[in-house]
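Those protein sequences? They're chains A and B, same order as listed. Numbering-wise (the working numbering), the first sequence opens with residue -18 and increments by one. Numbering-wise (the working numbering), the second sequence opens with residue -18 and increments by one.
To be clear, the hints were calculated from the coordinates, so they are not data collected in a lab. Do not take every clue at face value.
Which copy is meant is left open, so a pair is good if it fits within one copy or across any two.
Under the rule of at most 20 Å between Cα atoms (straight-line distance), these lysine to any residue pairs were calculated in the SDA-like manner [unchecked claim]:
hint, residue 1, residue 2
1, K179, L65
2, K179, P98
3, K179, G79
4, K179, R145
5, K179, P158
6, K179, G162
7, K179, T16
8, K75, H153
9, K75, P114
10, K75, S99
11, K179, R14
12, K179, L119
13, K179, T94
14, K75, E5
15, K75, P96
16, K179, D32
Predicted model, so just to flag it, every value in this text is computed and none were measured.
2 protein chains.
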Amino acid sequence: MTRVRMDLFVALDGYTSTTGQSPENPMGDDWGRLTEAYSATRTFRQNVFGDTTGSGTTGIDDAYAAAFFEGVGAEIMGASMFGLHAFPDDPQWKGWWGDRPPFGAPVYVLTHTAPRPSIPMEGGTTFHFRSGPIEDVLAEAREAAGGLDVRVGGGMGTARAFLRAGLIDDLHLLVAPIMLGRGTRLWDELPGLDLTHKVRTEVAESGTIHLTFTR
Amino acid sequence: MTRVRMDLFVALDGYTSTTGQSPENPMGDDWGRLTEAYSATRTFRQNVFGDTTGSGTTGIDDAYAAAFFEGVGAEIMGASMFGLHAFPDDPQWKGWWGDRPPFGAPVYVLTHTAPRPSIPMEGGTTFHFRSGPIEDVLAEAREAAGGLDVRVGGGMGTARAFLRAGLIDDLHLLVAPIMLGRGTRLWDELPGLDLTHKVRTEVAESGTIHLTFTR
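Given these sequences and hints, build the entire structure.
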């Protein structure tokens, strides 16, 4: 049964990192600090960096990272996560992930700009561009997932829109043990997820707090 | 060596509970939900409710509760925590804690209203009222603590003033696995505590996340 999943990085003070984004710094300032424990995992190093040496952490963070990559049949992301805002006039832009993106599934990019043709990539990823309401895009992604899950990848504007609309079944927050003091506040004007979802908390060896909201 | 300590309750979304305070509801709405796991501990039930039956939880939450009551030689709290705002015209007001408050030490109440005489209570607690700068009150409390620690008790305005001034050595946050969606935001415009303090994260059986910031 398809579930709609989302994984987000957030600091102890509730800020996510969207300051200082530019083509040269696509994830913005502080992203490295927010995701440090995650990108140190063996699973991430293997699946995203292509590191086959088996290096990387193998504890609780890695267990969540492995789950992150499992059972996803389609992905949805915002235009900024794909990089459309950074390269608005480049029809050849294919995202930040190289020729073989780690999704291995159809990826629906939300955009309000002119329609673009879909971009098939190596390894099973195809980028599709959609400008309809998120509910419609989700319905299409759900169909494409063929019984597997749909993941909403981000960025934060997209994430908050799905949360506000109550569309997320499983939310996994990686709370880094740092403060940002600036950026986008994840929790502003969101419905009380604890009323609709079961909350689970776990701390990894890195100090990262894993919060899962499941309904 | 005296350390300045503070323990605060906060929800996952960074809100603390100061909505709906009144004389009949002195801690405001949501306080019960925020402190549920803490007031369920054996230590709290014994030290605050006077429950000598040994009932209550005995896990990680209780270990923190026991530490909360140990080694404090003086306490500082804001006027609202003492109840001066709720009972401004009652010179006989002695706080919310009955004849034998659980502090057992001098308690310095910060107030800008007319000076009041100190109030000695049973069990070693004496309430003093001070209108000077927090640094001066802290110096007096430090002296009175006689080598034990000084605890800053709250409420949130007082807590944030001490944090902004960089006066807290040890901050313990009890993050309840709930969302409030309203109230005072703990983290607004505070210095990045992770730059000056070591952060430690631990999850209790109740799902409460214990965050400690130590310098």
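Results of checking the hints against the structure:
| no. | hint | result |
| --- | --- | --- |
| 1 | K179 to L65 | neither (35 Å within a copy, 39 Å between copies) |
| 2 | K179 to P98 | neither (40 Å within a copy, 50 Å between copies) |
| 3 | K179 to G79 | neither (37 Å within a copy, 38 Å between copies) |
| 4 | K179 to R145 | within (17 Å within a copy, 34 Å between copies) |
| 5 | K179 to P158 | between (23 Å within a copy, 10 Å between copies) |
| 6 | K179 to G162 | between (28 Å within a copy, 17 Å between copies) |
| 7 | K179 to T16 | between (25 Å within a copy, 19 Å between copies) |
| 8 | K75 to H153 | neither (27 Å within a copy, 46 Å between copies) |
| 9 | K75 to P114 | neither (23 Å within a copy, 58 Å between copies) |
| 10 | K75 to S99 | within (10 Å within a copy, 71 Å between copies) |
| 11 | K179 to R14 | between (28 Å within a copy, 15 Å between copies) |
| 12 | K179 to L119 | neither (23 Å within a copy, 42 Å between copies) |
| 13 | K179 to T94 | neither (37 Å within a copy, 46 Å between copies) |
| 14 | K75 to E5 | within (15 Å within a copy, 61 Å between copies) |
| 15 | K75 to P96 | within (14 Å within a copy, 69 Å between copies) |
| 16 | K179 to D32 | neither (35 Å within a copy, 32 Å between copies) |
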